[in-house]
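Protein chains in written order, with full-length UniProt numbering: chain F, 1 to 279; chain D, 1 to 412; chain A, 1 to 224; chain E, 1 to 52.
The set of hints was computed from the structure by calculation and includes no laboratory data. These figures come from a predicted structure and were not determined experimentally. In this text, a Cβ means the ideal position worked out from N, Cα and C, and glycines have one as well. Watch out, some of these pointers could steer you wrong.
Unchecked claim - Just so you have them, the derived chain D footprint on chain E, three or more residues with Cβ under 8 Å:
1. 30-36
2. 39-45
What the hints assert, rightly or not - Residues from chain F shown here face chain A by an in silico Cβ test under 8 Å; the list is partial:
3. 152
4. 170
5. 186
Said to hold, decoys possible - Below, in silico cross-link-like pairs of lysine-lysine (DSS-like), each with a Cα-Cα straight-line distance of 30 Å or less:
6. 138/F x 42/D
7. 61/A x 175/F
8. 8/D x 47/E
9. 173/F x 224/A
10. 88/D x 47/F
11. 327/D x 47/E
12. 62/A x 175/F
13. 224/A x 46/F
14. 97/A x 47/F
15. 97/A x 173/F
16. 173/F x 211/A
17. 173/F x 201/A
18. 201/A x 82/F
19. 8/D x 38/E
20. 175/F x 211/A
21. 42/D x 40/F
22. 333/D x 47/E
23. 162/D x 38/E
24. 47/E x 162/D
25. 47/E x 88/D
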Amino acid sequence: MTQQNHGNAHKFGMVIDLDKCTGCGSCMVACMSENNVPFKEDESNKKDSITWMRVYKLTNGKSFPDTDVCYLPRPCMHCGGKGDHGHSPCVSVCPATATDYDYGTGIVSQIYTRCFGCRYCMGACPYHARFFNWWDPKWPEGMEEYLSPDVSPRMRGVVEKCSFCFHRYQAAKDKAYLEERDTVAEEEYQTACTQACPSGAITFGDLNNPDHAVHQLVNPDPHHCGRPRNPKAFRLLERLETNPKVYYISEREWVRKAGDNYLDGEWEKAKMKKTKGHE
Amino acid sequence: MDSALIPKGANRCPFPVFATGIAVVGVVLLWGVYAMGLCWIKGLNQTNMNDYYGFALWIWADLAVIAIGGGAFFTGLLKYVLGIDELKNIINLAVVIGFICYSSALLILAIDIGQPLRGWFIFWHANVHSMLTEVAFCLSLYFSVLTIEFIPLILENRQVDKVPFFHNLSHNMHTAMAVFAATGAFLSCFHQGSLGGVAGVLYGRPFAFREGLLIWPWTFFLFTWSAAAYGPCFTLLVAKMVEGITRKKLIKDNVIHLLAKISGWMITTYIVAKIIDTIYWIAVTAPSLGFSVMDFYTDNAFYGIWILFAEIVLGGIVPAVILITKKYRENSKMLLLAIILGVLGVCLNRWVMVLQVMAVPVMSFDTWALYIPSWQEVATTILPVAYGIILLALAYRYLPMFPQEKELSTEK
Amino acid sequence: MSELEEKTENGSTDSLEMGVSEEQKAEGDSGIGAGVLFFIAAFAVCFLSGWLLFPNLLYSKKEQPFNFNHALHVEEMGGCDSCHYFREDGSFAGVPKLAQCVDCHAEVMGDTEDEAVFVAEYVEKEKEVPWLIYSEQPDCVFFSHSAHVVGAQMDCVSCHGHIGESTTMKPYEENRITGYSRDIWGKNIWGFKKNSWDRMKMDDCAECHEKETGSKGACFQCHK
Amino acid sequence: MLPNCFEWAWDAGHFLFFGGMWYTIIILSLGMTWCIFKTIMDTVSGKGGDHH
Chain F
1 MTQQNHGNAH KFGMVIDLDK CTGCGSCMVA CMSENNVPFK EDESNKKDSI
51 TWMRVYKLTN GKSFPDTDVC YLPRPCMHCG GKGDHGHSPC VSVCPATATD
101 YDYGTGIVSQ IYTRCFGCRY CMGACPYHAR FFNWWDPKWP EGMEEYLSPD
151 VSPRMRGVVE KCSFCFHRYQ AAKDKAYLEE RDTVAEEEYQ TACTQACPSG
201 AITFGDLNNP DHAVHQLVNP DPHHCGRPRN PKAFRLLERL ETNPKVYYIS
251 EREWVRKAGD NYLDGEWEKA KMKKTKGHE
Chain D
1 MDSALIPKGA NRCPFPVFAT GIAVVGVVLL WGVYAMGLCW IKGLNQTNMN
51 DYYGFALWIW ADLAVIAIGG GAFFTGLLKY VLGIDELKNI INLAVVIGFI
101 CYSSALLILA IDIGQPLRGW FIFWHANVHS MLTEVAFCLS LYFSVLTIEF
151 IPLILENRQV DKVPFFHNLS HNMHTAMAVF AATGAFLSCF HQGSLGGVAG
201 VLYGRPFAFR EGLLIWPWTF FLFTWSAAAY GPCFTLLVAK MVEGITRKKL
251 IKDNVIHLLA KISGWMITTY IVAKIIDTIY WIAVTAPSLG FSVMDFYTDN
301 AFYGIWILFA EIVLGGIVPA VILITKKYRE NSKMLLLAII LGVLGVCLNR
351 WVMVLQVMAV PVMSFDTWAL YIPSWQEVAT TILPVAYGII LLALAYRYLP
401 MFPQEKELST EK
Chain A
1 MSELEEKTEN GSTDSLEMGV SEEQKAEGDS GIGAGVLFFI AAFAVCFLSG
51 WLLFPNLLYS KKEQPFNFNH ALHVEEMGGC DSCHYFREDG SFAGVPKLAQ
101 CVDCHAEVMG DTEDEAVFVA EYVEKEKEVP WLIYSEQPDC VFFSHSAHVV
151 GAQMDCVSCH GHIGESTTMK PYEENRITGY SRDIWGKNIW GFKKNSWDRM
201 KMDDCAECHE KETGSKGACF QCHK
Chain E
1 MLPNCFEWAW DAGHFLFFGG MWYTIIILSL GMTWCIFKTI MDTVSGKGGD
51 HH
């Protein structure tokens, strides 16, 4: 796993403003059509259907009129793992190296032709971001013609997940090569969900690049594996040290609290510490 | 009819009775094979597993049979390496049980993977940092050790033994058995452990995650120790069952009691370690990740704190106390109770470390997930049991599995 | 005692009583000789069938729709990129489409049979030529021509060999199990390669990448 | 896994792991080779068979 592909390291990441998200599901639809995600004849059982991007509904648990709802889109978090060394929960357990951590982009890959379907990675992922192909993909007649040639369709019995639309990065790099440029501009590589979001809740870019919007929004702390310095920003399950590259922003305190697990009284203490730290 | 194959001086039931019994179990076996075929041909959608339950009944069965099959490596270690000679009277049984358990485990793994034809990737494209890779390698290697240990017993069949080559081979393999047994024990330590590591390394799953030594989480050592401790319980249980079915005494009490005593002390030490591990997990590990222990045992229809109590007290402390106390151990009813509780206890531990791990929600807004296995899963899980019964019956009938059988039958 | 048992028991005592006689020894020697001969013969049969027969069994041969003369076109048109070009967005056009060929081949140009077939069967019927692509990679592979040709300044020959100098099209060999072209797996059944273009497997990509860039790369570099 | 097998990554972990694996395989196969060889020698010299 110690690959020497460090190079000029990008760290692609996503910031989702939960106060802007309306829960419309555009990101889910855009993702499915962009990435040739198969669907089942009967989609009523959500526990075995595939949505790389899934919108969760959170409530503050209070009754009317204090009740509040938040929609939380959840792609693959592309975890850097403990210490941000690239040993993501899923990458370190895969027995056949079907998934790896790209040190050049920070993206966790999934190679469908290498995966033999042991599903250990699914057990390892606390975000339920990985999906198993319980069935062979079956498309309605004629729809195969509309599949994207840039993303290989998956066969039965393998695991798949969000790739941060890596094929779009490849396409952007192709263009850059042809134009003899070294870098890909921020707007040249954007994920399908980012572009589909009607309320502009999703921002995507290079967390290592101070010019990129994602960096400015969360101000990641390089000494703490990219922990957000923006007090309104948080990452899901920060305490597990999975070090995700997907950040969430919300003005609402209960939403930020829902991002992790806290013992009784811990949240108040953490909040105190955080506000103090930023004074 | 088959009297020429039955060990000399041994008394076996008439062939038609035997054949009927095998046929009845065979029907169950075929049912399992049918379900297995369905899973291979139609895919894992035949199961009730889902994206929350990537590891389900099979993996539990896999871990459970390997744990209870641990009697083979541990008894082998005691007999061949540490030289406790009385155990030669039960080692054959332990080896056959081990062989059955491990071949079943390999079969289950072959059914469980989504792309069975790519199963060899785990060897060819191995990620050596994955606990599952370690499991696969050690499991296959240890299975070959068990096969080597099983061969001499097969060669002792009355007709096979008459062939000079086989007779000598059996003799020579016995001579070298200490080497094989030691290798087996070495392999077993690692694969029992790595099975424990499978859950223990999941740092995204606070219910399963444990700190540890170097790359090995504490569950690594707990699994090895518990397999060595409870494996002999299962060997004894099977011995009791065979004795019950054949209505014969096959192993002398002193051998049974010796193994029971060793098992008892192993369980005692294991359960002490398990309790320490649990306390540390409750007091340090889980809170550091934002969980109080009751988060893992409330808000759902099945997993209450009873499961922790059942595992540690009923499946651990109770059998340990019975087995280490001479008076209780030598009372046959108490002994039976203890070994049954022990086997259930270790199976429950494996259940918790597979299924409850998957069921506990981690994200604060997620919910518990429970699942009920489909009949195909149940059938494929029963398949190894039926196969085991048949193999054990054949081995008992045609091989001199119990060296004390003759002596005990004439005593009567 | 059963009949079988008696036989075997008597049999074994018989041989023991007799011991190993001179006659048996001689028999044994000639037996060994025959065994060795049999082994060598069987080995030869297996070896030769593996060497000669197996590749033919593994690969099916398909002819291209008609013959294409690369050398002639290079001479007329210039370098490879006059037909195999980059699109503006950086993607590689690959094998030319009919529309491109029609620029010159609206009518029969030479007097070869292949030209006649091309015009009659495809140009006039406005049908794309179903070329069999020797270097077609499996669906899971992403390959960037611009990264290699523009970025790394590599020439076409490094991977495709001297196809530009060929006057005829070799048969397309397809692996019956995987469906992939033989040019991917490699000509040599042992896996030896003499030229950089003999094989196009993942290991070959990684080998060159490690040499040129210092890293075999991450999975997504070449997979999609 | 095998000496001619292409490994994408190769580090100390691989070395230890496959080292252990080959060590075990060698012990097992040497053990079995010894058993079979000795058995052949024994059988040729006329040992075993009728008595047990």
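Now for the hints, and whether the structure bears them out:
For the stretch 30-36 of chain E, the proposed coverage by chain D is satisfied: 5 residues have a C-beta within less than 8 Å of a C-beta in that chain, meeting the threshold of three. Counting residues of the stretch 39-45 of chain E whose beta carbon lies closer than 8 Å to any beta carbon of chain D gives 4, which meets the minimum of three for the stated coverage. Taking 8 Å as the C-beta cut-off, the interface hint given for residue 152/F holds, the closest approach to chain A being about 5 Å. Of the supplied interface hints, the one on residue 170/F holds, with its beta-carbon coming within about 6 Å of a beta-carbon of chain A, less than 8 Å.
A hinted interface residue such as residue 186/F counts as satisfied when its beta carbon comes closer than 8 Å to some beta carbon of chain A; here the least separation is about 17 Å, so the hint is violated. Restraint check for residue 138/F and residue 42/D: satisfied, since their Cα atoms lie roughly 14 Å apart, inside the 30 Å limit. For the suggested pair residue 61/A and residue 175/F, the alpha carbons sit about 37 Å apart, so the restraint of at most 30 Å is broken. Under the criterion of a C-alpha separation no larger than 30 Å, the hint pairing residue 8/D with residue 47/E is consistent with the structure, at around 22 Å.
For the hint pairing residue 173/F with residue 224/A, the CA-to-CA distance comes to about 14 Å; that is within 30 Å, so the pair holds. The straight-line distance between the Cα atoms of residue 88/D and residue 47/F is roughly 51 Å, outside the 30 Å bound, and the hint therefore fails. A C-alpha spacing of about 49 Å is found between residue 327/D and residue 47/E, which places the hinted pair above 30 Å, so the restraint is violated. Distance check on the hinted pair: residue 62/A and residue 175/F sit about 35 Å apart at the alpha-carbon level, beyond 30 Å; violated.
Taking the CA atoms of residue 224/A and residue 46/F, the gap is about 26 Å. The hint holds against a cut of 30 Å. Using a Cα cut-off of 30 Å, the hinted pair residue 97/A and residue 47/F is violated, with the two alpha carbons roughly 45 Å apart. With a C-alpha separation of about 25 Å, the suggested pair residue 97/A and residue 173/F falls inside the 30 Å cut-off, and the hint holds. Pair hint residue 173/F plus residue 211/A holds up; C-alpha atoms about 22 Å apart against a cutoff of 30 Å.
Restraint check for residue 173/F and residue 201/A: the C-alpha separation of about 23 Å stays at or below 30 Å, so the hint holds. Simply put, residue 201/A and residue 82/F have alpha-carbon atoms about 34 Å apart, too far for the 30 Å limit, and the pair is violated. At roughly 28 Å between alpha-carbon atoms, residue 8/D and residue 38/E fall within 30 Å of each other, so this suggested pair holds. A threshold of 30 Å between alpha carbons decides the hint, and for residue 175/F with residue 211/A the separation of about 25 Å falls inside it, so the pair holds.
This hinted pair checks out: residue 42/D and residue 40/F have alpha carbons roughly 15 Å apart, not beyond 30 Å. For the hint pairing residue 333/D with residue 47/E, the CA-to-CA distance comes to about 48 Å; that exceeds 30 Å, so the pair is violated. Taken as a hint, the residue 162/D and residue 38/E pair is honoured in the structure, with Cα atoms around 18 Å apart against an allowance of 30 Å. Under the criterion of a C-alpha separation no larger than 30 Å, the hint pairing residue 47/E with residue 162/D is consistent with the structure, at around 12 Å.
Restraint check for residue 47/E and residue 88/D: the C-alpha separation of about 25 Å stays at or below 30 Å, so the hint holds.
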